[in-house]
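As a plain string of letters, each chain reads:
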Amino acid sequence: MKQLLQEFFKGVFIENPTFRLVLGLCPTLAVSTSIINGFGMGVAATFVIVGSNVIVSLVRGIVPSKIRIPCFIVIIATFVTIVELVMKAYYPELSKALGMFVPLIVVNCIVMARAEAFASKNSTIRSLFDGLGMGVGFTGALVIISIIREFLGNGTLLGLRVIDGFEPLLLFILAPGALLVIGMLIGTVNMIARHS
Amino acid sequence: MSENNLFTVTPAPHITSKLTTKSIMYLVILSLLPAGIAGIYIFGLVSLKTIIFSIASCVVCEALFLKFTNKDPGISLDGSAILTGLLLAYNLPPQVPFWIPLIGGVVSILIGKQIFGGLGHNIFNPALVGRVFLQISWPVYMTSWKNPRWWPDAISTATPLAKENPVHVSYVDLFLGNHAGCIGEVCIVALLLGALFLLLMKIISLDIPASFILTVAILTWIFGKDGFLKGDFIFHILSGGLILGAFFMATDYVTSPLTRPGKIIFGIGCGLLTVLIRLKGSYPEGVSYSILFMNATVPLIDRYTRTRVFGSKKKTG
Chain A
6 MKQLLQEFFK GVFIENPTFR LVLGLCPTLA VSTSIINGFG MGVAATFVIV GSNVIVSLVR
66 GIVPSKIRIP CFIVIIATFV TIVELVMKAY YPELSKALGM FVPLIVVNCI VMARAEAFAS
126 KNSTIRSLFD GLGMGVGFTG ALVIISIIRE FLGNGTLLGL RVIDGFEPLL LFILAPGALL
186 VIGMLIGTVN MIARHS
Chain B
78 MSENNLFTVT PAPHITSKLT TKSIMYLVIL SLLPAGIAGI YIFGLVSLKT IIFSIASCVV
138 CEALFLKFTN KDPGISLDGS AILTGLLLAY NLPPQVPFWI PLIGGVVSIL IGKQIFGGLG
198 HNIFNPALVG RVFLQISWPV YMTSWKNPRW WPDAISTATP LAKENPVHVS YVDLFLGNHA
258 GCIGEVCIVA LLLGALFLLL MKIISLDIPA SFILTVAILT WIFGKDGFLK GDFIFHILSG
318 GLILGAFFMA TDYVTSPLTR PGKIIFGIGC GLLTVLIRLK GSYPEGVSYS ILFMNATVPL
378 IDRYTRTRVF GSKKKTG
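Chains as they are written, first to last, in the numbering used here: chain A, 6 to 201; chain B, 78 to 394.
These are calculated hints, taken from the structure and not from any lab test. There could be a bad hint or two in this list.
[What the hints assert, rightly or not] With the Cβ distance kept under 7 Å, some of the chain A side facing chain B (calculated, not the full set):
1. Leu-174
2. Leu-175
3. Leu-176
[What the hints assert, rightly or not] Chain A is nowhere near these chain B residues, computed Cβ spacing over 10 Å in every case:
4. Pro-90
5. Lys-126
6. Ile-152
7. Asp-155
8. Ala-231
9. Ser-247
10. Phe-252
11. Ile-341
Built from N, CA and C at the ideal position, the CB exists for glycine as well.
Put together the whole structure using the sequences plus the hints.
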């Protein structure tokens, strides 16, 4: 059990996909403009990572290594399609806001990296916890980035105006602001990691 | 060198100059003063307020950061922070609210300079980082300009470079600074005076400014909006921040190439991008963006314009 928890927390902190591995930056930059979008994207990606990790680890013994990547992609695409359709049916607004980036989870490098580097070599239960950890780490990172961006760039938190008279900095809603925030956060995380 | 240490054995360099980083910084500040005085005269005391807030913000922010990172806070008085603050203020409209130069100064010093390791390590010109940050964040404040004191309307949203409804200003007025614009960029004659001083003191060379301005002139003459080979290149040289940018910001030692060919490539690149943004882009002015863009290419330019090591063989063929 302890090992499994380690597997989980590894993804949240030590190997956080956004801040430590710097993977999946494209969706991170694109959807972290508001907390709702960031959280929605994180949950969608978490579902896909966990699902694909479990299935990939289950079939790891029977998939020939030469065609493993296409197999992984088919598995991942299945889960992405599930997410996409569910989101369209139950959260049409979120689906509209995230737009192209939901189907693009198929090529999200976090999902691919976990399938290739972890799930194809480890037991199903460990892959499950690895996927959960990575998903939570990714969601956490997205939420942190989008809190900063939504507050500075739009003056709101979860769509509610926080301070009266605050003039939002448009830069943070645009891509350069996202890069700045991510850069600063990665620097901060590295600083903390070095001191502990 | 005094008599006493005449026989001291030291490693190279043996030829030392009286020019230090500090004295160069203060000389550049001195050369910028005429443009600032002209700005204050043209737009009134609001410009002085903006300049003071900007400089104070830069110096205090740098001192605090140095203190926080256990370095000597005294370094913040070496002139570079003051120069950054001054250049930032020169790039702002005169009547911006006081917090614009304050935030601009903090961004210039923190994100533009200290994050990279302080003076000498920054990739981008700190003052321009601050300015572009402000420009993107608060476009409304950054694109409404105060007219000269003696003009009837107080605030104008158009400069001579504006794409829609530009203000028509004669060459003489452009040269003297009698039009709306940023504090330090309007009075060309004062800027040229300062630039001449820097050239005579050999603090800057003509390579970057000349290639920058010439490129802008030639390209705006060829592709100007009045038709092929009929562009109004004098207008393009005298308007906007070209003179300020070419002489005082593109020539920043830290963020410009080291060799002569490199400097010329850098200047041409800046000119090319400026013309592209001015004539084809959605922004009216592109000097700051083009300098920042070319700043990013400086390591590459330096790599390909390396000088031959003394004594090594010339490449043949």
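Would the stated hint for A/Leu-176 survive a check requiring a Cβ distance to chain B of less than 7 Å? 4 Å, holds
Please check whether the beta-carbon of B/Asp-155 is more than 10 Å away from every beta-carbon in chain A. The assertion about B/Asp-155 holds, with a minimum of 25 Å to chain A.
Just checking, B/Pro-90 versus chain A, shortest CB gap more than 10 Å? 35 Å, holds
Since B/Lys-126 was said not to touch the interface, does its Cβ keep a gap of more than 10 Å from each Cβ of chain A? B/Lys-126 clear of chain A: closest Cβ-Cβ about 19 Å, beyond 10 Å.
Are all C-beta atoms of chain A more than 10 Å from that of B/Phe-252? Consistent with the label, B/Phe-252 stays out of reach of chain A, its closest Cβ about 34 Å off (over 10 Å).
Classify the hint on A/Leu-175 as holds or violated, based on whether any CB of chain B lies nearer than 7 Å to its CB. 5 Å, holds
Hold the hint about A/Leu-174 up to the distance rule: shortest CB distance to chain B must be less than 7 Å. 4 Å, holds
Please check whether the beta-carbon of B/Ile-152 is more than 10 Å away from every beta-carbon in chain A. Fine: 21 Å to the nearest Cβ keeps B/Ile-152 off the interface.
Could you let me know if the closest chain A CB is still more than 10 Å away from the CB of B/Ala-231? It holds; B/Ala-231 is separated from chain A by about 21 Å at its closest Cβ, greater than 10 Å.
Taking 10 Å as the cut and beta carbons as the points, is B/Ile-341 off the interface with chain A? 29 Å, holds
10 Å cut-off, C-beta based - B/Ser-247 kept clear of every residue in chain A: 35 Å, holds
Figure legend: structure checked against the earlier numbered hints; every hint is met.
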